[in-house]
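Q: Just so we're on the same page, the numbering used here is the position in the sequence shown counted from 1, plus 222.
Hints were generated in silico from the structure; no laboratory data involved.
Incorrect hints may appear among the rest.
[Claimed, not checked] Distance condition first, Cα-Cα at most 30 Å in a straight line; then the derived DSSO-like pairs of lysine-lysine:
id, residue 1, residue 2
1, LYS228, LYS245
2, LYS333, LYS319
3, LYS333, LYS307
4, LYS300, LYS319
5, LYS307, LYS319
6, LYS333, LYS228
7, LYS228, LYS287
8, LYS300, LYS333
9, LYS319, LYS287
10, LYS287, LYS300
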Amino acid sequence: MEANTKIHLPEDFNILCSIYQIKPENIIQSFVNEISFPSFYSRPNDTDRWATYFFLHFLDVEESKYEVNEDMEDHYLKRFTDVLKNNFENHRDDVLKAENDGREIMRQWHKAALAERARYLTDNL
Numbered sequence: 223m224e225a226n227t228k229i230h231l232p233e234d235f236n237i238l239c240s241i242y243q244i245k246p247e248n249i250i251q252s253f254v255n256e257i258s259f260p261s262f263y264s265r266p267n268d269t270d271r272w273a274t275y276f277f278l279h280f281l282d283v284e285e286s287k288y289e290v291n292e293d294m295e296d297h298y299l300k301r302f303t304d305v306l307k308n309n310f311e312n313h314r315d316d317v318l319k320a321e322n323d324g325r326e327i328m329r330q331w332h333k334a335a336l337a338e339r340a341r342y343l344t345d346n347l
């Protein structure tokens, strides 16, 4: 998915990008490419987890500002945890399987969240 987004780039970020001759869009793209619950939770010893840590921190600090169905969140996070736990117990060496299984749970969660939002819109017509 591509999106044109307008964001404010702080001076410190702009200066660092200029010093290192990095296009801001390249570093932002690299950062967002690293945000992944399936990779984060299926590869607990990897060092490329910082972007997802930032996302989790954002949720911890800012989630109350967003309309999140907490029951749905709990349900899918439990399913996600159960699937990954099962993979670690039964397929310890198959990290890719754990990641793909986790990604499937994320797709199901996404579909359920979109269906709930659509129901909210159509029920209030």
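Q: It remains to establish, for every hint, whether it holds in the given structure.
A: Hint-by-hint comparison with the structure:
| no. | hint | in the structure |
| --- | --- | --- |
| 1 | LYS228 <-> LYS245 | holds, 15 Å |
| 2 | LYS333 <-> LYS319 | holds, 21 Å |
| 3 | LYS333 <-> LYS307 | holds, 23 Å |
| 4 | LYS300 <-> LYS319 | holds, 18 Å |
| 5 | LYS307 <-> LYS319 | holds, 12 Å |
| 6 | LYS333 <-> LYS228 | holds, 27 Å |
| 7 | LYS228 <-> LYS287 | holds, 20 Å |
| 8 | LYS300 <-> LYS333 | holds, 17 Å |
| 9 | LYS319 <-> LYS287 | violated, 34 Å |
| 10 | LYS287 <-> LYS300 | holds, 23 Å |
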